[in-house]
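A.B. asks: What follows is the residue order along each chain.
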Amino acid sequence: MFKKSFTFAFALLIIASMVLAACQPAQTTPTEAPVVEPTAVEQPTAEVVPTEVPTPEVVQTTRKGGWLDEIVFSVVASDSALTQIEAGAIDIYANGLSSKDLPAIKDAGVSYSTSSGLYYDILYNPAGPEFTDGRFNPFSNRKIREATNWLFDRDYINQEVYAGGGLAKFFAITTQFPDYADLADVARKLESYYAYNFDKAKEVITAEMEGMGATLVDGKWMYKDAPVTLIYIIRNDSDGTRIPIGEYTAAQFEALGFTVDRQMKKGSEASPIWIGSDPVEGQWHLYTAAWSATVLDRDQSNIFQEMYLDSSAQGIPAFLDNVSDPEFKELGDRLATADFATLQERHDMMARALELSLQDSLQVFLIDGKQFTPYANGMVATADLAAGIEGAQIYPYTLRWADQEGGTVRWATQDLFAEPWNPIAGSNWAFDQGAIRATQSGDIMYDPYTGLLWPLRIEKADVVVKEGLPVGKTLDWVNLEFAPEITVPADAWIDWDAANQVFVTVGEKNPEGLTALRKTTLYYPADMFETVKWHDGANLSLADFVFGMIMTFDRAKPESAIYDAQAEPQFLPFQENFRGFKIVSTEPLVIEYYSDTYSLDAELNIPLMFPTYTFGEGSWDTMAVANAAEAGGELAYSVDKALEKEIEQTSFIGGPSLEVLAKYLDQAIADKTIPYAPTMSAYLTADEAVARYEALKAWYGEHNNFMVGTGPYFVDQAFLTEKTLTLKHFEDYPDLADRWSNFGEPKLAVVELDGPGQVKIGEEATFDVFVTFKDAAYPAAEIKQVKFLLYNAQGEIVKVAEAVAVEDGQYSVVLDTATTAALEAGSNKLEVAIVPFTVSQPTFASVEFVTAP
Amino acid sequence: MTQDTQAGVLGVPKKKTTSAFARVARFMGIRAVTLLFTVVIGVYTTILIANMGGYVDTIMRNDIRERVNQRVAASTANQNISPETRRQMANDLVALEEKRLGLDTPFAIRSFRYLFNALQLNLGRAQNMVSDNGSREVRNIILERLPATLLLMGTSQLFLFFFSVFIALTLSRSYGSFWDKLVITLSPTSAAPPWFYGIFFILLFAAVFKILPFGGMVDAPVPDNTFDYILNVLKHLILPASSLIISSLFLSIYNWRTFFLIYSSEDYVDMAKAKGLPSRDIERRYILRPTLPTIITNFALLVIGLWTGAIITETVFLWPGLGRTLFRAIGFFDTPVIVGSTIIYAYLLAITVFLLDFVYVLVDPRVKVGGGK
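Protein chains in written order, with our numbering: chain A, 1 to 853; chain B, 1001 to 1373.
Treat the hints as calculated values from the structure; they're not laboratory data. All residues carry an ideal CB built from backbone N, CA and C; glycine is no exception. Treat the hints loosely; a few may be bogus.
What the hints assert, rightly or not - Below 27 Å or equal to it, Euclidean Cα-Cα: the simulated BS3-like pairs (lysine-lysine) are:
#: 1; chain 1: A; residue 1: 266; chain 2: B; residue 2: 1099
#: 2; chain 1: A; residue 1: 106; chain 2: B; residue 2: 1099
#: 3; chain 1: A; residue 1: 672; chain 2: A; residue 2: 557
#: 4; chain 1: A; residue 1: 829; chain 2: A; residue 2: 760
What the hints assert, rightly or not - Simulated coverage check for chain B against chain A, where a stretch passes if three residues somewhere in it have a Cβ under 8 Å from a Cβ of chain A:
#: 5; segment: 1093-1102
#: 6; segment: 1143-1156
#: 7; segment: 1160-1166
#: 8; segment: 1280-1288
#: 9; segment: 1298-1305
Could you put the whole structure together from the sequences, leaning on the hints where they help?
C.D. replies: See below:
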């Protein structure tokens, strides 16, 4: 009997211990104090900062290319990523974790970088006031939508849902991007005005509801004897945080007297309702939307049109049905088409649009989420402020172990090889591109902290834009000039005759002459064709560039052997603005590029002429082989064409494509093929072609892939089902390893504000602002602006001005007698915003002081 | 003459043989038609369910619209592109995508096309999924995951089966012993699913003791030579296979032990015991023999069940098996992959059921093909 009882008790104990173990969270997630995150970036400007190409700050090295000997990629579930870093099984989880994981990351004590994540908002259905079946839609009323800005406590959401890891968001422009920094005073003022105020929301909404014929009966809103029921589509998938956001906001509506029908749905269930249905059918009233900003966008002029207006590129019925204020509509459309003459005019337009966007509030923005990339202590990894580490072009050049040359990094990510890899229409998944990025170089380097461009392979560039266009420059490697008219030379290439395989010149296509709004001239180093090598050992050549130019057109031409209908829609907008390119010189290589598109920053008006295609690099010989396979009907770059023709999609990394490509490679060697011979034979002999093909064949024989690039690492081995990939150091990379070491860490300013705690009304008061980075004074030459905002006791902004520089790292804010005289007795706040040149995130700091008579 | 004589002599038996052949043939025919009919209904139902009766078309259309709009918005931002051009670009891309996915054909027509292709084992191409090696052929998507699934499921399920049967047979002969009671006591541990043990094992052996990997099928980088590769795969197999085994082991033993217990207490077993037959002979001839049809049925169903993989356990261990593939296919509404996986399972099941009828005849003389009423 005892034995029986004992065994029973023992079994119970085992089960209980396992259940308890399972119930225990893998990582504790205590909430933490609010984090004041440094926010946005800097603004396109005409000021020029004396900036050389970043100078290395570490000890000089003779090593070339990447710092590491090897990067080993593998796939890890995000749930176990932190545990695996702690256990030493991986070194980095490059795909990143969301804001809600920040406390666990901090608890684990590992290093991490921060970048932009999703941003969350509520999208309203603007149809009505009555749907087709007579039901009432309060959100057809702009004032009710506007009033919901007061209804939601964004700080509460940030703390409760994101553990303080996000940022309160009021505007469509991203809180960390340059436009916000430029408009910080306007933004802060509006944020202050629209701060959480339940009573105000209730007052406005009540007045508007009654004005529209609704009545409040026993605390419930009624319309034509029926309760006003809001159908709320709440997404329950993605990162899961839209559920608590939905619950909270729904509760706020219920507190106002609305009946809320919460409909939890995953994306695929929700989209037929909020995207697929006609808004006037009333299948929904509001929806928990989320968007992403994965590039550090320096110009968000188009955001108002995109996020509010019926001319939005989103093309979703809810946007199309939104009847905006005419002034807002005009302003948004003008901003989207860059219809402004100066940067100041743009600034004013943006400031007004910010205000009008909150009055429109088709979407009420709530939180700017963040993404955190955890990695092992001792590792150096550069993160793009928007795209993180995995999405940063610069990471292969800076990824290393501190104070060490060589070694291996075990790079884990969410998945690998999700789609075939090819440079034209291959995998665009972030994790695949993260690996591909390390194998390629290119013309330019994207600045991870400012969104500007630096010359990577080009030496310099001249940008000429038509007079009157609001283009400025920040860095001195690019020359900016203005001209009354820019004429495109008659011998520039503007199109491609796919049937005869020759370029069409401007003179042939536009005999009457052609002008452009912008001309960019790229200058390459004189020794580029000797020093830059492909991974298979072949030298980069002019043929690679010309082949790339041909590929710009060929796939979109119905007469081409590799025509692909999928290429046409994207070719259309390019063709609309392209005005020609011309090879001015071959030794050194100089290329002119003409276009009617332009960016506000001269540095961003750089066309990509290097043989780097949309999804990866490609030597002309590799691309020629792939083209031949496509022309032969055995492979296709795009999935659309592959499915239509019932053939495989081209993949350079593995799978059934490889044998097909190998077959066509042998054929090319046997035939001594010069692709697009009528044009390419001017840049290539048959023997040179064969030498290239032979090098490629040897590469394929050794590495079993066709991923040949010019980047600091090459693909050594890929195991597609096992989902692992090994990249190895490319010894022949031409640049020193420390070339980009200056970008090891963003130079985010640390700010301290010091001043009197009590100020007598009518007397002058001085506050000191100390700006540092790593405890050293932040050089004044690297700071674009130090603005201050003075809030009175009611929380209203009463003054915005610039602080005065005292010395490096120190500024002074002087509140003169008139300013303090205008303050009432009570608690006031002084806030400063520091906007550096070197990093596009401004830093905010504030101090409170009391005013007394 | 001889022939005639023989025919005359064997006249009656020959008639019997012809009758038996006809009976068997008729049985086989009816059975095959019935099974085929069942397969058709099963597969078509799967097609309807996987497509939510055609509603998936609506989901996919909206998904396409959303993706294309965002793509167009991103690629044309600040490009001085007119709204009309942009809308045209979006519409063209949507049309291309809808055509690619076959949404330009009504679902009713497509559903029968899926069915007929599936029945002919013409698995076609996936709509959204890609095999690991980049192929869109459903055959490749399924086949490349088959070895990993067979390795994991085969190892765990076959071990589980044979070990359970062996232990159960022994326990059935020692009813009420300590080991018997221990198994009974531990059998509720099977209430916890394999992935539960998986997480538990990962925490213990990977995170704490650091002696076994967290997941995956092989280390990164992959070992250079085949021998090391095999050893490495086996190391990665330990935790997922153990999870699958442990989660079912005690219940499985308990089931079989109870089953054998019924036969162990038959009179003829007691008689054999009384006659002094060795215990091994009793087990083999008097217990195992009459239970063989049940064991074979279970085994056959287990073997074809390997095909389905173990969705959650594979996910927990990032094991590249068929279970995860099917799970992803369902998430993507990728009908060709779902149907491809289903039709193969359906055919395997039908063939197994078909063959089992004959296997019963071989192992149990009391059973006669087509003789039942």
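A.B. asks: Are the hints correct? Go through all of them and say.
C.D. replies: Results for each hint:
1. A:266 to B:1099: 25 Å, holds
2. A:106 to B:1099: 48 Å, violated
3. A:672 to A:557: 26 Å, holds
4. A:829 to A:760: 14 Å, holds
5. 1093-1102: Check passed, 5 qualifying residues.
6. 1143-1156: holds (count 3)
7. 1160-1166: Violated, because only 0 residues of the segment 1160-1166 of chain B bring their Cβ atoms closer than 8 Å to Cβ atoms of chain A.
8. 1280-1288: With 0 residues closer than 8 Å to chain A, the segment 1280-1288 of chain B misses the three-residue bar; violated.
9. 1298-1305: violated (count 0)
Hints 2, 7, 8 and 9, counting from the list given before, are not met by this structure.
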